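Student: Take a look at the letters that make up each chain.
There are 2 protein chains.
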Amino acid sequence: MVNPILLPELREMIRNNQKAELTSFCTTLHPATAAEFMEGLTVEESWSTLSHAPIQRQAEIFEFFPLSKQIVMTSGVENARMARLLEAMSPDERVDLLERVEGEIVESLLPLVAQAERTDIIRLLSFPPESAGSVMTTEYASLTETLTAEKALTALRNQAPHRETIYYIYVLDSERHLRGVVSLAELVVASKTSSVSEIMTRDVISVRVEEDQEVVARKLARYDFIAIPVVDDIGKLVGIVTHDDIIDVVIEEADEDVMQLGGVLPFEEGYLQTPLFTFARKRGIWLVILFIATMITAVALKEYEQEFEQIPWLVLFIPLILSCGGNSGSQSATLIIRALAVGNITMTDWWRIAWREAAVGLILGTSLGCMSYFLAGSLSYWADGFFVVPISLLLMVVTGTLLGSLLPLGFMRLGWDPAITSTPFVASMIDITGIVLYFSIVRFFLSDSMTY
Amino acid sequence: MVNPILLPELREMIRNNQKAELTSFCTTLHPATAAEFMEGLTVEESWSTLSHAPIQRQAEIFEFFPLSKQIVMTSGVENARMARLLEAMSPDERVDLLERVEGEIVESLLPLVAQAERTDIIRLLSFPPESAGSVMTTEYASLTETLTAEKALTALRNQAPHRETIYYIYVLDSERHLRGVVSLAELVVASKTSSVSEIMTRDVISVRVEEDQEVVARKLARYDFIAIPVVDDIGKLVGIVTHDDIIDVVIEEADEDVMQLGGVLPFEEGYLQTPLFTFARKRGIWLVILFIATMITAVALKEYEQEFEQIPWLVLFIPLILSCGGNSGSQSATLIIRALAVGNITMTDWWRIAWREAAVGLILGTSLGCMSYFLAGSLSYWADGFFVVPISLLLMVVTGTLLGSLLPLGFMRLGWDPAITSTPFVASMIDITGIVLYFSIVRFFLSDSMTY
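If you're matching them up, the sequences are chains A and B in order.
My numbering puts the first sequence at residues 1 to 452.
My numbering puts the second sequence at residues 1 to 452.
The set of hints was computed from the structure by calculation and includes no laboratory data.
No copy is singled out in the list; a pair is fine if it fits within one copy or between any two copies.
In silico SDA-like cross-links for lysine to any residue, where the CA-CA straight-line distance does not exceed 20 Å: (1) 219 - 30; (2) 282 - 344; (3) 192 - 155; (4) 69 - 223; (5) 302 - 384; (6) 302 - 313.
These numbers come from a predicted model, not from an experiment.
Required output: the full structure, derived from the provided sequences and hints.
Tutor: Following this line, the structure appears as structure tokens:
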């Protein structure tokens with residue numbers, strides 16, 4: 001959100017080139033606050049504001065800009081200047097950025113970045129997106145186990161300014177194998193002469209570099225860690241993932257789940273920031289797929305034209321029956337997709353799930369069936385053969401719960417993301433099934449009273 | 001998940017009362033791992049396993065049990081024993097538990113808890129659920145500003161064992177007003193003789209005790225903090241909320257969003273753990289409400305019986321038109337509810353939202369309308385007056401996007417949670433509107449060809 005009071009003031013400072021004020025703006029506020037106040041500035045204004053701070057501070061503020069702004073700013077300045085900023089940024093943040101800017105810009109920037117940082121960037125870029133490797137940072141604090149607590153603290157004093165966190169210090173052997181972990185709190189509390197190997201925890205909980213970020217998030221959350229170490233195939237420490245990045249992962253994954261459930265392809269910008277046509281496209285793809293699927297309802301209904309021409313009141317209950325099935329199916333799909341996402345159920349539970357859903361469907365379907373009977377009565381919608389409506393409702397709700405729960409599981413079995421069974425998708429499948437079901441029941445019970 | 005290999009082994013140890021092994025099980029594993037391995041044990045077995053560890057360790061393991069297990073265990077043991085455990089638990093965890101066990105159990109337990117802890121529990125219980133006060137812990141590390149860095153570290157050594165985190169140390173005056181904050185890293189790195197007041201950050205970012213946990217989560221996530229201080233009306237420090245609790249809050253809130261969007265009341269247990277009838281009830285409430293709402297579609301359709309009796313092909317497209325509106329409405333509702341939840345839009349944006357949604361609706365509705373025209377042609381569903389279908393589709397999609405986006409905003413305006421506009425709810429509203437819309441268009445264009 002643009003700050004209506006501070007923004008004009010900031011612009012004024014830039015126009016008048018008030019160096020002292022701009023330096024103080026950049027250095028005294030929390031970088032997150034400074035970044036927020038700078039929303040609304042143009043690319044040029046942003047760069048000229050940043051230029052009043054030391055490069056380290058510039059990087060800190062820059063990292064708090066939304067990714068979309070970072071991308072625009074990257075291509076809106078001389079490459080040499082951007083290269084200095086990249087060197088100062090934290091490894092995970094700069095890789096997040098470089099993954100999203102255009103390839104040619106990366107290619108023209110990289111040669112200008114100092115050797116050590118360039119190697120680091122290229123290595124991190126090589127990990128698949130959404131893996132532990134792609135969210136980790138390589139700026140961790142490490143020690144060898146022979147140091148005393150006092151010496152360890154001295155060593156940390158030197159490492160501290162360049163590390164993302166020094167609250168967990170990883171104990172490595174000469175080949176960087178992860179031997180243990182010690183927290184800063186433990187070091188501070190320990191007697192000065194005790195050795196790191198005495199204080200450290202040897203049984204280190206870690207993740208492997210290729211693991212999915214969701215697995216990393218779940219593990220870090222379960223153990224309440226501030227950071228979790230990332231190791232390669234042979235147990236060498238290659239980086240750490242910190243709590244703040246995990247919160248972002250959790251929010252991102254929840255967003256994805258919600259969007260997919262709602263039948264929208266996920267997008268990176270905010271609601272109001274996404275260009276209108278991107279927006280229409282991300283929604284249109286699903287809508288068109290569902291439209292084509294739902295056309296089948298028209299084909300199916302055509303099969304039963306005779307029935308509803310002869311018994312027109314049957315039409316009255318088509319939307320009711322479909323929507324009851326759709327609603328119960330949406331509920332089931334939501335529950336299953338979320339339970340799969342948080343690791344609460346696995347595919348092997350499928351028969352327990354089917355049983356539960358069938359049971360819930362029976363309970364709910366019977367209730368709705370009975371309600372329809374009485375409501376129809378009180379609305380004087382009674383007609384000969386009305387009983388087909390409660391029966392259809394019951395079967396429809398059971399069908400809904402089963403389809404809603406088993407479709408996501410089936411998709412998972414096929415190796416697809418279960419969340420692509422959005423609730424609109426489930427609803428469309430149920431619509432088609434519902435029409436066939438309703439009119440099959442009608443045919444079964446009412447064919448005697450019809451003329452063919 | 002029950003561990004199939006370790007569980008029988010653990011049971012064996014309990015049966016044979018292998019004290020040394022059980023003590024080692026409790027004390028060498030990470031408490032989270034121990035808690036996980038103990039899943040599947042009965043209440044009695046769990047208590048007898050725990051009894052082999054010192055009370056502090058018992059509490060650490062206990063806190064990692066799922067809340068449902070904690071609740072059962074609380075009532076499955078003598079009150080005196082449970083009271084000792086409560087004293088050892090961290091303040092926020094024990095209050096989470098006590099908020100959920102039955103009132104009479106709390107009343108019989110509290111008198112047995114030591115005075116200091118009892119006072120703390122009663123105070124924390126007094127904060128409204130989901131407020132900063134209800135998720136905070138009172139075990140924070142604090143210092144006065146006149147200490148030197150070296151003295152501060154010595155003071156921390158004494159506080160450390162009783163604090164949830166000593167990575168941020170809050171600087172308080174004699175009346176516990178929050179004056180500043182200093183990180184353990186800063187203290188370690190600083191020269192021994194510099195005073196806390198020189199090192200500390202004075203501009204402390206904090207939350208107020210009555211603020212919603214979602215606001216707290218957003219703030220902590222934005223600033224990448226490990227903990228955030230909670231202050232009362234006059235700026236006195238009353239507690240801290242730590243990063244691990246915030247990850248839980250984020251997951252919980254995302255769950256709530258997803259469930260409500262799917263039209264299910266949120267529940268605390270896992271999918272397979274929730275009793276079948278609780279489950280049916282939580283889903284049934286919404287389903288019944290929606291059922292009654294959707295009955296209106298039957299009433300509405302009855303109004304138009306003449307139309308579809310005379311032009312039966314109109315019926316074929318009822319499900320298609322309703323589901324296109326429903327799908328686009330679900331998309332809009334999902335987008336808006338999530339954008340509201342993550343603070344991306346506010347209610348004051350309503351006209352920009354309405355404009356965007358109308359525009360997207362026009363684009364998508366026109367596309368689907370054109371598609372229906374050609375698809376119907378190729379399926380030879382042409383009929384006189386078929387053009388009412390594309391027109392209805394267009395208007396339906398626009399109605400869907402507008403209802404889907406404005407209903408959540410309207411509910412928010414009324415002070416309700418916008419997420420109660422679940423996608424099934426939106427779909428039901430759209431069903432009713434859709435029928436009226438479709439047949440009004442039919443009446444408008446086709447009344448000439450009908451006999452009344």
